[in-house]
Amino acid sequence: MVWGVAATAQDAPPTTEEVLASLKVGQDTLWVLVAAFLVFFMNAGFCMLETGFCRQKNAVNILAKNLIVFALSTIAFWAIGFGLMYGDGNPFLGTAGWFLGGADNSPMTGDDYKGIFNALSWTGVPLNAKFLFQLVFAGTSATIVSGAVAERIKFVSFLIFSLILTGILYPITGHWIWGGGWLANLFKDANGEVTGAFWDFAGSTVVHSVGGWAALAGAMLLGPRIGRYSSSGASAMPGHNISIATLGCLILWLGWFGFNPGSTMALDPAAISHIAVTTNTAGAFGGVAATFTAWVYLGKPDLSMVINGILAGLVGVTASCAWVTIPWSAVIGLIAGIIVVFAVTTIDGLKVDDPVGAISVHLVCGVWGTLCVGLFSEGPSEAEGALYTAGPLRGLILGGGFNQLIPQIIGIVAVGAFTLITTVLAWFVIKAIVGLRVPEEEEIKGLDLSEHGMEAYSGFLKES
Amino acid sequence: MVWGVAATAQDAPPTTEEVLASLKVGQDTLWVLVAAFLVFFMNAGFCMLETGFCRQKNAVNILAKNLIVFALSTIAFWAIGFGLMYGDGNPFLGTAGWFLGGADNSPMTGDDYKGIFNALSWTGVPLNAKFLFQLVFAGTSATIVSGAVAERIKFVSFLIFSLILTGILYPITGHWIWGGGWLANLFKDANGEVTGAFWDFAGSTVVHSVGGWAALAGAMLLGPRIGRYSSSGASAMPGHNISIATLGCLILWLGWFGFNPGSTMALDPAAISHIAVTTNTAGAFGGVAATFTAWVYLGKPDLSMVINGILAGLVGVTASCAWVTIPWSAVIGLIAGIIVVFAVTTIDGLKVDDPVGAISVHLVCGVWGTLCVGLFSEGPSEAEGALYTAGPLRGLILGGGFNQLIPQIIGIVAVGAFTLITTVLAWFVIKAIVGLRVPEEEEIKGLDLSEHGMEAYSGFLKES
Amino acid sequence: MVWGVAATAQDAPPTTEEVLASLKVGQDTLWVLVAAFLVFFMNAGFCMLETGFCRQKNAVNILAKNLIVFALSTIAFWAIGFGLMYGDGNPFLGTAGWFLGGADNSPMTGDDYKGIFNALSWTGVPLNAKFLFQLVFAGTSATIVSGAVAERIKFVSFLIFSLILTGILYPITGHWIWGGGWLANLFKDANGEVTGAFWDFAGSTVVHSVGGWAALAGAMLLGPRIGRYSSSGASAMPGHNISIATLGCLILWLGWFGFNPGSTMALDPAAISHIAVTTNTAGAFGGVAATFTAWVYLGKPDLSMVINGILAGLVGVTASCAWVTIPWSAVIGLIAGIIVVFAVTTIDGLKVDDPVGAISVHLVCGVWGTLCVGLFSEGPSEAEGALYTAGPLRGLILGGGFNQLIPQIIGIVAVGAFTLITTVLAWFVIKAIVGLRVPEEEEIKGLDLSEHGMEAYSGFLKES
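Residue numbers (this note's numbering), protein chains in the order written: chain W, 5 to 468; chain X, 5 to 468; chain Y, 5 to 468.
For the record, the hints were derived by calculation from the structure and aren't laboratory data.
Keep in mind that a hint or two might mislead.
No copy is singled out in the list; a pair is fine if it fits within one copy or between any two copies.
[Said to hold, decoys possible] Below 20 Å or equal to it, Euclidean Cα-Cα: the simulated SDA-like pairs (lysine to any residue) are:
(1) K466 with P242
(2) K449 with G106
(3) K466 with V160
(4) K192 with T426
(5) K466 with E22
(6) K118 with V433
(7) K304 with V438
(8) K304 with N189
(9) K192 with N407
(10) K304 with I164
(11) K466 with D115
(12) K118 with G389
(13) K449 with L465
(14) K466 with L453
(15) K118 with E446
(16) K118 with G457
(17) K449 with G463
(18) K466 with M241
(19) K435 with K466
(20) K449 with S462
(21) K355 with A238
(22) K118 with F159
(23) K355 with G383
(24) K449 with I414
Here the structure is a predicted model, which is why all the values come from computation and not from measurement.
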């Protein structure tokens, strides 16, 4: 025997019920880990996308940011983020579970669960699997910011901000929604039963909008790159490596098959198959819609719009992917693909310089996706073949009125206000202590040589 | 409770039999989805491979084609392709199941299945999982074409062709073979029992040859790139980024672990392990064989031949991977690796300009792989440890005579004739309406600037 | 019915026990294959990492080496490597199982197993799954060498060395540790019971150090690249594509989620979740530690140090990932990240030219990781919630004394001595027959044009 992990001492052979339970835990754990690996790989997607869309003189800097940010997120989310988000506490934040410590008898579920992470007691996988899956989500939110502040932010300032975002701010609003906080228990009747709640299946708001608000705050406070806007209008600063940017988009699309279906955190065959198809359908329609919108509106099938259209569709369906039918997922993606083209041009018109379109994709389409829960959800049903038995109320477009739309709007506003205010504060504090922006001559020279002392493409001749 | 998907209302606790069945469905679904994700990722593989093998002035165009083509395939295959391929109908095409509509009680199997997708009733996974797995296959066929027509086709013309291929043509021949059509019931005895059938496990013909025939039609009708062939012979037009081309090859190799073993569409441990090993062995032998063939024949270990040799081995074993032993898979791959080197030079000698070698890899080795079923299959057996109980008859080389080789040849000819004729027609119709080829000055300038208004590697100095 | 693989003839319906066993085998097989696919993908990671860290004039050569090496490993490990490593034999090598031949009734386990691969009888998956998982590990060892000998080794010489390493040398030391050889049975009491053994969970020594020793031998015998060291000191030879190098690092990180947790070779939910988290934690701490060490020590946050720090943390935790707590995995990774920075500068100071830092990452941190088993292991325990019941004794730092550290040191020395001596011999034999190093003018011109007749980035202008 080389490895001894699997060996366990058992006096009596396990009963059939115990074996069945253990097989179910095995399946669920395998699914959650595979999904976590796919979401982890989105780090590579964001890294290639953002680097490719920026100029080569800043490539090393963006690569370094995207690589180190997940390492920092791991530390921050392990130390305090996971406890703030999923530890037992009050409606506003968790107050237990630092460094994954404290009581926990996972994989027990429901009433059998005894521990301090009750908000995750519904899923029957080991605590470490729950943590890893939530960690890769937390990492995503910081990665979104990276693109919007690229090409002018100080390396150390971004690192500090990432720690604050993934360790504190993302977990707090996450607690409100996924940690059993106030948005998950928004309206109650006289008996204390929840009658209305904000719903976000895989994180259009929890992850994407939060990252997007932080990105907006950062991009506004930093100001545009030198030479980006002048009295004669905006100057395009084209990306230096569209090959890797496209690869990044495809890696992200792959990762979304973990992001959305994996958010079941249990191997429910009907649900994960359905979610995989709604996710893919929305991404496809988003890509096609953005392509043709850009073709008509800008005169060319701009590849960066194809890329952002796909991502817009994926972000757009993230909140509702488990609760809408496939045709509605197509509509959600299609509209997201149209929205993103106009969002990019509008934000550019407002002279908010977002080199990769992160605000348009993650914030604007994150808000759109969150609204979609209130517009297109099927509504819970016990009928055979129904999509879900517990979840958002029937959406407005399907005749459900505003019952679900109102909680969605409340959640969007609350999370937006909190994140915008706190991230602005965070950026200001960082600015006061270490500064936000590299000196002008360093920005012109490129951050690679000035901040990292190396260049990304040694040996190639570049335009000066 | 944040998510409600997993919750189901049950009056009585499920029986042991029901739990066992549900665990099996869970396993099978997880496997099919993981395999589908791997095959989806082959889009990134083809994208990097084809882009890297072409010139940098057309990189954006090839990237855009490869990115949007899967989005279009999603729409076309959802709307009509899946119904044409797997919907109940006649021996020539399916006539039900548009937009995944119509009766279906999956995951019930065999006689318990009641619905309109009887050709897929043998696999016990939800309909959405069946659809996603088949969709990513359909997307592959269009991606194969992309490489052969690169650097001179109009963007819009390729988009229209992709819709026709994945929405109509690929599903029709697919129906013949995988949809319960005439090739799956080729010979019958007096009692109507099938005594001989065309077999293609994972798609050497269904996917690769079909893509290859369409690529051949396109490359011939388009003609070679300007300057490629002159009276003084052929001019090499070397690829611009062999790093990403090699990455593409490795991503494709990874994807094949979903493509071939996943085609079980059920978690049969012995089968998927065996198929994973035959697949990998053939790819390895194909790569080594092509390397040394090129070394001897061309004088250098040409990296593009290493890449195409690996792909040749993988395509070659795709049809027979479940039905041949590991040593025979080595032989199949080895011969495919030799074939592809001579196919590339021969097709070049015929002045058919295929920038990435798609016709040699997918068509020539797809035909070879389809023949291999008739040459090397073990034959069905009920004996313990036998590879399979139902499937192709024993191959010629193993003493089975021509019983299986004849159906394979019939299938190759029938699918080839249908696809070549219909794709030629399709290309002609597209040519008549919007044209096929970009104007000469645009081709010389590069499609990136002329069709997309952007370049892939801004800031780098290039040869003019 | 299109596919017949899953169909089996059964006279009596299977019992509940048989179905339960078959579901367990299914789960385990799925997990082992998914892990194998992830480890396979590490080939792409190494390929991008090593290519990006070298100069563009040698890119094709490094790409070709990394691509063909796994194909060669497949052949060598199938033919003899797997038999030498896991076939029954004596304490020093296996003597059965060539070409996967010989008796085997997998997936039976323990006493029910009858066959010639008893060292793998503890895992209940089909032989082909065992083989594939072990094959992708073997491939890794050769890939490690590739980076250290890059930019000056003859292509054919590297191919021959890879065959020897993966076919013979790696399997022999592997047999000592994982194949039931002498290091797995190091100390016995009077009754023949094993009282002390060398433990290496996922291969800090078996894979990484072995590759690292072979790399050290190669780099020393080859000598430094022309112009690397002169009387005036060392000249930096910066990598040509840091974007793909960073992508490579992220692919490797992803692959490690198969490498370490997959080494359970069975779906043990608690173990694989724990190992996934210790692995990730060590990688994260390694990256952060190396970043700040380099920042302080070299004055800049050098991206190549961030990359190597992450890899150092991952290599460092590989031996002990199943047997240490998460906080100790953080310590292991943190120290590995500091070590690697000084190892890189020290090895450079010794004028051993290792273009990618492979020796520092895989050898130095592999040794460190192997020691960590003796320092930080929890010790086996039957208590509920214990990490493992059979495995290494309690480590020195946790109060276990030197009981486990001594076997670890013996293993490090024995494997190091054997691998260093045999690889030096292998390199010498290859040198005598075909030579090791390309001629000086070819090295200056670049190996791409001289050995492969092509360049990686055609159309770009480069520095001459």
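Tested hints:
Both within a single protomer and between protomers do K466 and P242 lie at most 20 Å apart by alpha-carbon distance, with minima of 14 Å and 16 Å respectively. In this homomeric assembly, K449 and G106 never come within 20 Å of each other (Cα to Cα): the closest approach is 50 Å inside a single copy and 62 Å across copies. In the homo-oligomer, the alpha carbons of K466 and V160 never lie at most 20 Å apart, since the shortest distance is 27 Å inside one protomer and 33 Å across protomers. Taking the closest pair of Cα atoms, K192 and T426 never come within 20 Å of each other, the shortest separation being 28 Å inside a single copy and 62 Å across copies.
Taking identical chains as interchangeable, the C-alpha atoms of K466 and E22 are never at most 20 Å apart, the minima being 65 Å within one chain and 65 Å between chains. Neither within a single protomer nor between protomers do K118 and V433 lie at most 20 Å apart by alpha-carbon distance, with minima of 40 Å and 64 Å respectively. For the identical chains of this complex, K304 and V438 are inter-copy neighbours only, at 16 Å across copies versus 43 Å inside a copy, given an alpha-carbon limit of 20 Å. In the homo-oligomer, the alpha carbons of K304 and N189 never lie at most 20 Å apart, since the shortest distance is 47 Å inside one protomer and 48 Å across protomers.
Taking the closest pair of Cα atoms, K192 and N407 come within 20 Å of each other only inside a single copy of the chain (13 Å); across copies the shortest separation is 61 Å, beyond that limit. For the homomeric pair K304 and I164, the shortest alpha-carbon distance between copies (17 Å) is at most 20 Å, but the shortest distance inside one copy (40 Å) is not. Taking the shortest alpha-carbon separations for K466 and D115, neither the intra-copy value of 64 Å nor the inter-copy value of 66 Å comes in at or below 20 Å. In this assembly of identical chains, K118 and G389 lie within 20 Å of each other by CA distance solely across copies; the values are 15 Å between and 33 Å within a copy.
In this homomeric assembly, K449 and L465 come within 20 Å of each other (Cα to Cα) both inside a single copy, at 15 Å, and across copies, at 18 Å. Taking the shortest Cα distances, K466 and L453 sit within 20 Å of each other both inside one copy (14 Å) and across copies (19 Å). Within a single copy, K118 and E446 get their C-alpha atoms no closer than 55 Å, and across copies no closer than 68 Å, so neither meets the 20 Å cut-off. Taking CA atoms no more than 20 Å apart as the test, K118 paired with G457 passes in neither setting, with 52 Å inside one copy and 60 Å between copies.
Taking the shortest alpha-carbon separations for K449 and G463, both the intra-copy value of 17 Å and the inter-copy value of 14 Å come in at or below 20 Å. In this homomeric assembly, K466 and M241 come within 20 Å of each other (Cα to Cα) both inside a single copy, at 15 Å, and across copies, at 18 Å. Taking the shortest Cα distances, K435 and K466 never come within 20 Å of each other, neither inside one copy (33 Å) nor across copies (40 Å). Taking the shortest Cα distances, K449 and S462 sit within 20 Å of each other both inside one copy (15 Å) and across copies (16 Å).
In the homo-oligomer, the alpha carbons of K355 and A238 lie at most 20 Å apart inside one protomer (8 Å), although the nearest pairing across protomers, at 47 Å, exceeds that limit. Neither within a single protomer nor between protomers do K118 and F159 lie at most 20 Å apart by alpha-carbon distance, with minima of 43 Å and 59 Å respectively. With identical chains, the CA atoms of K355 and G383 are never at most 20 Å apart, being 41 Å at best within one copy and 60 Å at best between copies. Proximity of K449 to I414 under the C-alpha cut-off of 20 Å is found in neither arrangement, the shortest distances being 45 Å within a copy and 53 Å between copies.
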